[in-house]
Structures are given as structure tokens and as C-alpha cells.
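Student: Once you've looked at the hints, dock chain B against the given chain A.
Protein chains in written order, with numbering that gives the first Met the number 0: chain A, 0 to 295; chain B, 0 to 786.
No lab work stands behind these hints, which were simulated from the structure alone. Do not take every clue at face value.
[Said to hold, decoys possible] Per label pair, the in silico range of CB-to-CB distance:
| id | chain 1 | residue 1 | chain 2 | residue 2 | range |
| --- | --- | --- | --- | --- | --- |
| 1 | A | A262 | B | E461 | 21 to 31 Å |
| 2 | B | A707 | A | S253 | 22 to 32 Å |
| 3 | A | T135 | B | A729 | 45 to 55 Å |
| 4 | B | S715 | A | A262 | 19 to 29 Å |
| 5 | B | K139 | A | A16 | 52 to 62 Å |
| 6 | B | V464 | A | N99 | 32 to 42 Å |
Each residue gets a CB set at the ideal place from its N, CA and C atoms; glycine is no exception.
If you want the building blocks of each chain, they are given just below.
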Amino acid sequence: MDFLRPTGWEEALALKAEHPTAVPIAGGTDVMVEINFDHRRPQQLLDLTRIGELRTWETGEESVRLGAAVPYARIIGQLRTELPGLALAARTVGSPQIRNRGTVGGNLGAASPAGDAHPALLAAGAVVEAGSVRGTRMIPVDSFYTGVKRNALAPDELIRAVHIQRADGPQQFSKVGTRNAMVIAVCAFGLALHPRTRTVRTGIGSAAPTPVRAVAAEEFLAAALEEGRCWDTGRPVPPSAARQFAELASGACSPIDDVRGSAAYRRRAVGVMARRTLDWAWHEYRTDGDGVQQCA
Amino acid sequence: MRDLTQGIRARGGIGESTLRPDGTLKVSGEFAYASDLWHEDMLWGFTLRSPHAHARILSVDVTEALRTAGVHAVMTHDDLPAETRYGLEIKDTPVLADGVVRHHGEPVALVAADHPETARRAAAKIKVEYAQLPVVTDEKTATAPGAPLLHPARDDAHARHSPHPNIVHRQPVVRGDVAAARELADVVVRGEYEMGMQDQAFLGPESGLAVPAEDGGVDLYISTQWLHADRRQVAPVIGLPEDKVRMTLSGVGGAFGGREDLSMQAHACLLALRTGKPVKIVYNRFESFFGHVHRHPAKLVYEHGATRDGTLLYVRCRIVLDGGAYASSSPAVVGNAASLAVGPYVVDNVDVEALALYTNNPPCGAMRGFGAVQACFAYEAQMDRVAAELGMDPVEFRQRNAMAQGAVMPTGQVVDSPAPVAELLRRVKAMPLPPERQWETAGGAPDLRALPGGLSNTTHGEGVVRGIGYAVGIKNVGFSEGFDDYSTARVRLEVVGGEPVATVHTAMAEVGQGGVTVHAQIARTELGVARVTINPADTRVGSAGSTSASRQTYVTGGAVKRACEAVREEVLELGRARFGPYHPAWATAELLLEDGKVVTDGGEVLADLVDVLEDAYVERELEWRHRPTEPFDLRTGQGRGHVQYSFAAHRAVVEVDTELGLVKVVELACAQDVGKALNPLSVTGQIQGGSTQGLGLAVMEEIVVDPATAKVRNPSFTDYLIPTILDTPAIPVDILELADEHAPYGLRGVGEAPTLSSTPAVVAAIRQATGLAVRRVPVRPEHLTGT
Chain A
0 MDFLRPTGWE EALALKAEHP TAVPIAGGTD VMVEINFDHR RPQQLLDLTR IGELRTWETG
60 EESVRLGAAV PYARIIGQLR TELPGLALAA RTVGSPQIRN RGTVGGNLGA ASPAGDAHPA
120 LLAAGAVVEA GSVRGTRMIP VDSFYTGVKR NALAPDELIR AVHIQRADGP QQFSKVGTRN
180 AMVIAVCAFG LALHPRTRTV RTGIGSAAPT PVRAVAAEEF LAAALEEGRC WDTGRPVPPS
240 AARQFAELAS GACSPIDDVR GSAAYRRRAV GVMARRTLDW AWHEYRTDGD GVQQCA
Chain B
0 MRDLTQGIRA RGGIGESTLR PDGTLKVSGE FAYASDLWHE DMLWGFTLRS PHAHARILSV
60 DVTEALRTAG VHAVMTHDDL PAETRYGLEI KDTPVLADGV VRHHGEPVAL VAADHPETAR
120 RAAAKIKVEY AQLPVVTDEK TATAPGAPLL HPARDDAHAR HSPHPNIVHR QPVVRGDVAA
180 ARELADVVVR GEYEMGMQDQ AFLGPESGLA VPAEDGGVDL YISTQWLHAD RRQVAPVIGL
240 PEDKVRMTLS GVGGAFGGRE DLSMQAHACL LALRTGKPVK IVYNRFESFF GHVHRHPAKL
300 VYEHGATRDG TLLYVRCRIV LDGGAYASSS PAVVGNAASL AVGPYVVDNV DVEALALYTN
360 NPPCGAMRGF GAVQACFAYE AQMDRVAAEL GMDPVEFRQR NAMAQGAVMP TGQVVDSPAP
420 VAELLRRVKA MPLPPERQWE TAGGAPDLRA LPGGLSNTTH GEGVVRGIGY AVGIKNVGFS
480 EGFDDYSTAR VRLEVVGGEP VATVHTAMAE VGQGGVTVHA QIARTELGVA RVTINPADTR
540 VGSAGSTSAS RQTYVTGGAV KRACEAVREE VLELGRARFG PYHPAWATAE LLLEDGKVVT
600 DGGEVLADLV DVLEDAYVER ELEWRHRPTE PFDLRTGQGR GHVQYSFAAH RAVVEVDTEL
660 GLVKVVELAC AQDVGKALNP LSVTGQIQGG STQGLGLAVM EEIVVDPATA KVRNPSFTDY
720 LIPTILDTPA IPVDILELAD EHAPYGLRGV GEAPTLSSTP AVVAAIRQAT GLAVRRVPVR
780 PEHLTGT
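So that you can see chain A by itself, here it is in the shape it has in the complex (with noise of 0.2 Å):
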């Protein structure tokens, strides 16, 4: 096995380029698992933890751009404000030595189902930026899950940043596990409301062949917050409008039975997430600087 280190992004693309089969690497928490569990045994590992670039993040008005190798650990500490709902996931991530060590980045790259950060980009509003040397891709999160453990890139094709939009409200994030904590999600539920759009955007973790948004529920909420002016009033959601979105979420579910837990299991996992989730992230933009000045 050859271990690539390019010391610039334009190397790394290069790279990438001369090689497609290369596999990326920066926190290695999954990578390293695969090859030590003998699930895969890549030609080439491409280290990018000397692309410094790759650790930093801009906040920029509307969104934050994430370096792909921007560890869970930095997120937790300093990303909070600007993504509540990311850094609620990067909390439930592993251990605080995987936290450390473990990228948005390679979430992405893996798209495994089971990631923890893909609700939570489901849910804010995110895109993927793709490099090559052919030149930049923006790719949408909600396009970029193809498949298990498939996505949208090319074979020479690498995570540069993730763009996330700044939250514009409260967000969510909750992770069912069988253990209180270094879990892999039996399943998760991301939610973001955006009062300034006035929508709302969920991601499902764990409960479909990719991370997916509940779409029906998100557009039905939406419309029920509307016709009940909740938005503007503040108004507590009608609990038939939360259970009606609950069960939304469930049915936008396609789980399977496995060792981790049963697909009747999830599907009713992610309603309760769903249900209550509103119910903390609705209570906060009631309570909050910004909802309370709405409802006057």
C-alpha cells in the first residue's frame, strides 16, 4: 500500500487525478477500521492532514465554510453558535479521542447511513464543495447520499469544505443508541426551524439506505405553522400538527432489520425523536431573543 502525502491542495487534486482508487484520509476513524478489520485494502491512502487549509472554517454571513478536516472536537467548541444542530451531533460522536480525531469530511467521504454529522447537514442547509483538477463542484447535501455507503463524488474528485448555512434558528439533533454513550446511531433525527424562510428541514440518520430528509413532514409543518400564525405568535405547534409531523418523519423511513435494532424499532424511534425535538426547539424560539420579539 502506498501512503500519498501532498503538502498543497493542488498536490492532493493531482493526486487524486493520477490515482482514483486512492482513499482519503485525515482523522483515519474510519478508514483505519476498514483496513485493520480487512474490509478493504486500498492501493493507495491519500493523507491530507498536511493541508492545513483543510482544518480551518470561515463564518461568513449566510453560511459557514468547513474545512473537510475541521475535527468534531473544534466543532463541539467553537462552531456552536453558528451550528447548534452539527455540534449537537458532533457531540454524540465516539469518544472524545474519536472526536478529536473524527471530520465532517470523512463523514461525508464514508456516507455511511449510520454518520452522525448527515442529519444534521440534512437539516441546516448544506453543500458539499467537491475539487478536481477538472476544476470546483458545489453538490448539494441533499443530492450528495447516493447510496450505501455511496455518494456523489468522482473517483478523482475530493471533500475540500463543507458550506453549512448559519443557523437562523434554533436547532435539533437526537441519536438513539443502545448505550448512554460511544454509540453508533440505531437511528438520528436532525431538525432545523428557519424562521427567516419560515421552513423547516429535518435529516434521518440510520433508518433509510442513506441519510434523507422527511420532505412531507418538513412541507407540512411548515404549512401548519403558517396557517396557525405560530411563526409570528409564538404559539405553542397544535399537538395534533406535532403528532401529525411525527408520524410524517416515521413514514419517510425505509429502515431494515439488523443486530443494531429492528426497522419497526426506528421507524417509531424517529417519531418520538421528531416530536420532541420540535417540542425543545419550538420552546426556544418562543423563549428565545428572537421569537419572543416576533411574538410581540
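Tutor: Just chain B now, kept in the frame of chain A:
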């Protein structure tokens, strides 16, 4: 109660919480485990394992593997030099598969190479052609007409009385008249229970280093639970007399029963002798799940009958343990399950049947609690249900039927030392309860760490219901059923650098239980010295027996104590010869060794040990035995089968997210009688560790085996979950010290009892919180949500 240790005082002696020498090293990551062993020019061994649970091997082609650069040897069954099977109790386990594989992960071939990766890749080039065979996976398939037989030609000691060739061993225990008692019962409760397959999940995977010696023998540095049992099994396989097979204990990262059977011991020795080079084998975590036996999964059916006033009249039960493909210690596990099936209660009419099956599932054998864990889960669930039927408090109902000293076990054995069952229950019940809703904070945001789901943020209190449950259990200490369960200790006293120093040499495997700490404490107490050297455990001294069955402090501790006493007698003889003529107290007073001096029981100093010993040394090696036991009668189960009993009680407080089926154990209080706490800190650690392992079994730990293929589905720590610190509650421990006058210092084995009652206490609390009749462990969210 008499304190059998009265009058004994020594700095760092028994009763003190002296610190263990390996503690800091293990926490800081500096402890050298067997996996850290290294030798100049050593090769790495790798084991090729079966991908199928039951298959005929049609052909094995090692050509490509042998051609791989760096490969020094490839071995299959055909290359074995001597005996080809081994086993703890029954020699039914092939060293390498002999034409048939009987479980997923069974060793088929060995490779030795100059790099572990080379060995692994070469093993992948071995071409094995399999013809899959139908699998038997439970009692129904194992005993169905025409069922494939795991060992059709078996001729072991249990074969003759076993009702079916796929039943390893069956043990009934019958006492009184259950049919008559049933007529008198006001309340009858029948229940079926199931326990999944728990893994020991020790942190240090199997590993060792075999070094060929110039005399044609081999030295094995090994992480094990019993050096001499390993040697007894390895020597015939490699075709050497035992004295040519020398074993030294290397750093052990936990055991819990999982190192009682051989794993890589014979394999490493075979490769070392074949290549003439040192060979190291280290399993990774994945392989470790296939490299040792697990706790027997069990199906249990119980029927309890009681009178309206809360007196247990009878218990009838049937316990079916899945032993997997090879016997391991299944017969002894059956004996334990049968003899302890009723629990720590007085029941005059008993009809018990326990058996272990041969199936194509992974082999099961020893694990902390050893047959008593399975039974305790079921009988404690039953006790709660009978109490509920009677409208009685579950603790009061237990206390009313609790055994005490003098009680007669269903085996007819009289419990002839303290059995404070009712008192232990009283104590856990009397402990203050943890405050409710501990997740609530002044700031308003909930403390997620205190909620089910933890930082995964699944609830802020919604759906959370508290439940409280109690359980108590009984475990035997030491090897049972007539086994000659002795230990050997060699103790030497001499002057080193002007100071008396004791050296203790045993073959006791220190697997983390704290035995080396206790041995030093015993030597200080008995010999009155400050400095004690504990020699490495090896086979240059006689057997210490297994670090199992909560027995080491009792048995090897007893041997060390006895050897120290013999040394002391000889030292006093030396003193009498040297100084007796000058002071009458040498002849008339009771003499003790304290602070490096010979003193009278009145406190008068007669001589310094340094002056008594001068250049001489005193050394004694002896074997020590506890009281003998006897086998259980094969039809009635009657017999004085056990050495000693130990008891622990738990109170579990849980909070269950009833909508998501997630559980947070808030507190797991334990009260245990330990006879005498030789090292209170170690005792507390054992109780907390055992309780946590029981908690893991209650809510998460299970090796999932596909019933259709008998293949293991989760051989990794990604999907075999063990409790993290966030899953581990506060475990307040109340230690009782009621001396057993038959045991050294009055002590009682500690390690296993807390693993028994922990699981049923947690499940009882979950039942109380949810109102559900939870019948299976580990409890999964699906069970609590009906999904």
C-alpha cells in the same frame, strides 16, 4: 461473630487497603501485557478460522501460502505431532479442525511468518474447500430425530448417563415431594425466561510468546487463568513431557473465565517447535470474540408454589444451557446451575433439571458467575412475581424465605457458615434512595448525562419513569463436586541488605483480581516483615489452581498463609536454639513475629529477625486444601458438592424512557458478606466490577448468533456493547464481615456473587418502571416498546 483475625496487626497487612502494584501502570497505559511481549527474531503466528458453523472440509491447499515470502511454516491438522484434541474436562476440542468444523471461527490452519500482516495474508491464500452441513442451534434442533450429532463417537465420562448424544451433561436435583407440595400451594407462578450469550470482553486480547529451548522443550509466556492446566493440556498436544513445557505468566488484561480454556497456547508452541524460532500470537478484538468461550445462553422454565402467608412450598425448574460445539466446562456449569437453581431460599420440595447442549453455536464455558447467573435471573424474577401474586412486598417475601446458617440446600448440604441473606436485603433496602429527577438543573437546560440516552439527547425528561428492583443470589466458592482443589505456595524468609525480606512464590494467575497484593499482605501479617517480594507466577512451583470460582484468596491465600506459618515455626525454632538459653520466655510465652522482631504475646521483644536468621534462610513449599467436596448423585443431585457459599444483594434504581425503551441505571447498591475483607479497597472494586458486568448483561451485552446459520453477527466493540462510565451508576457498597470459621481468616470468596444479583435487580427495576413482564436479557429497546 468471632473475628478470626483478632490480635493480628502488621503495617500493610491484611485488612488494610494497600495499593496494588499494577494499578497506576494500568491506568497510565504503561503496564506490559502479554501482547507487548517481544523476542529477537520472533515470528508471528496467525490462525485461519472457519467461515462456517458446520461443514465438512473437503480439501486444504496450503501451497500458495507456503510460497509467500516471509512465511516460515503452515500447519494443518495433518501436521500435528501428537495428540490432536484437548479440553478442560472432556478432550473433544480439535487443536486444528480434523475434517469437520463445528462452529463459526473454529481454527483450521496456522501460519508463522516474519510479520503479522504477512502471516495474515498468507493465511488468506490457504484454499479450504468446505461442504456445508445442517446446523443445530437449540434444544429442539439438537434433539430432533435424526439431528446431526456434534460428537457421534463420544466416550467421555458423561456420555453414559446423558439422555442424548447432543446433551453434554444433565444434572437433576430432587428433594421432598413437589407433587404433594403443589396440592397445598395457594399460589402457583410459572414463568419462562431467556438469557443471551454474554462475552467476558476482557480488555487484553489473547496473546502469548512461545520460545523453543535448547533442551528440546519450550517456554511459553502466556496470559492465562491457570498455568498448570494449560501445561497439562498443551504438553500432550506438542508431544513433550510436562517438565519440558515451562510456562510463565505474562501481563493479563482481565479474564472473567474467558482464559480458562486454551486459546493460542498450543498453536504458538506448535509453530515454535516446528520453526525453531520464538513465535508470538496476538488476537485482535475481532478474533478474540472467536478465540474464547462465552457465557452459556440459557432458556429456563420455573414454577414456584407458595402458601398465602408467603412460605415457599416448592420449586420446579428446567434449565437448558447452550454449550455450543465443544464441552469446555459445561458439565461443571450444569452442576452449578442445578445445585444453585433455587437461590438462597429454604425450599423443602425441589425438582430441578439442568442440562447443557452440544450445538453448532460458539462454544460456551466459564464466565463470572458460572451457571449461577442464569439461574439467579430466573428465580429472582419468579420471586417478584410470587410476591406480587401474594400482595407482599418483594423484599419481605424474600426475607421470609431466606436461608440462614444451618439451612439445608436442595442438594442436602447443610450451610455451615453465616448466610445473612435477610440481613443483606435489609441493608440494601435501608440505604438512602438517590434523589429524583437528577437531570434538572438550576439553569433550566437538563443535564443529559443523568438521563436515559445520555449525550445523545433523546429526552429532556419526557417519557422517563423511575423503577426500583431488588435481587439476591447465592454462589459457590471454589471448585466443587469432589475436585481436588488445592494450591501450592513457596515462602522464603531471609535477610537482604540488613532487613528481613519475605519472598512469596506461587503459580497464581494475577488476572486483575488483586491476588499479588493480598499475598504480600498475608506475608506481612504472618511474618511481621515490611518487605515482601512476590515472584513471577510460573510452573517452577506447584499448581495454584485456577483464578476462577472466587477461589484464589481462599485457596492460594490459604496456602501462602500456611507456608508463612511453617516458616514462622522454623524461624522460632532457630531463635529458640540460638537465644532460648538466655530468656525463659522463648520456651514459655506464645511468640509472634512483628515489625521484624520476635515478640511475646505480652509485647516483650525477644530478638530481631535479622539476628535470628543471620545468614540462614528459611523456605517452605507446601500444598494446601480446603475441605473436600463430593460429587452430586447423578439421579437425585444429593451431595456435599460445594466448599463455601457467598451471598450478595442488590437494589437497582433505574430510569426508563418508556417511549424509546432506553434505560439509565441511576444507582446499583450492593450489600455483600465477604467474611473478612483482606483488602477492603480491592473488595469494593470487585463488587463494583461484578455489579457492572451484571448491569451490562441486563441492558446491552450480547453476542448475537444468527439462528439460521449459527454465525456470530457482532464480533466487535462497535456492536458488542459493554457499559461505558456514563452507563455505570454510583455503586454504594455495604460490606459485611461475618467470619466463616472453615476459611483462612474467615474470608469468603468475593468476585462472582455481585455479578449474579445485579442483572435481576436491574431487570426488576425496569419491570417496575414499565409494567412489562420482561423475560429476556439483555433487555433491548424493542422489548420495552413492543417493536
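Student: Now, for every hint given, state plainly whether the structure supports it.
Tutor: Evaluation of the provided hints:
| no. | hint | verdict |
| --- | --- | --- |
| 1 | A:A262 x B:E461: 21 to 31 Å | holds (23 Å) |
| 2 | B:A707 x A:S253: 22 to 32 Å | holds (24 Å) |
| 3 | A:T135 x B:A729: 45 to 55 Å | holds (54 Å) |
| 4 | B:S715 x A:A262: 19 to 29 Å | holds (22 Å) |
| 5 | B:K139 x A:A16: 52 to 62 Å | holds (59 Å) |
| 6 | B:V464 x A:N99: 32 to 42 Å | holds (36 Å) |
Violated hints: none; the structure is consistent with every hint.
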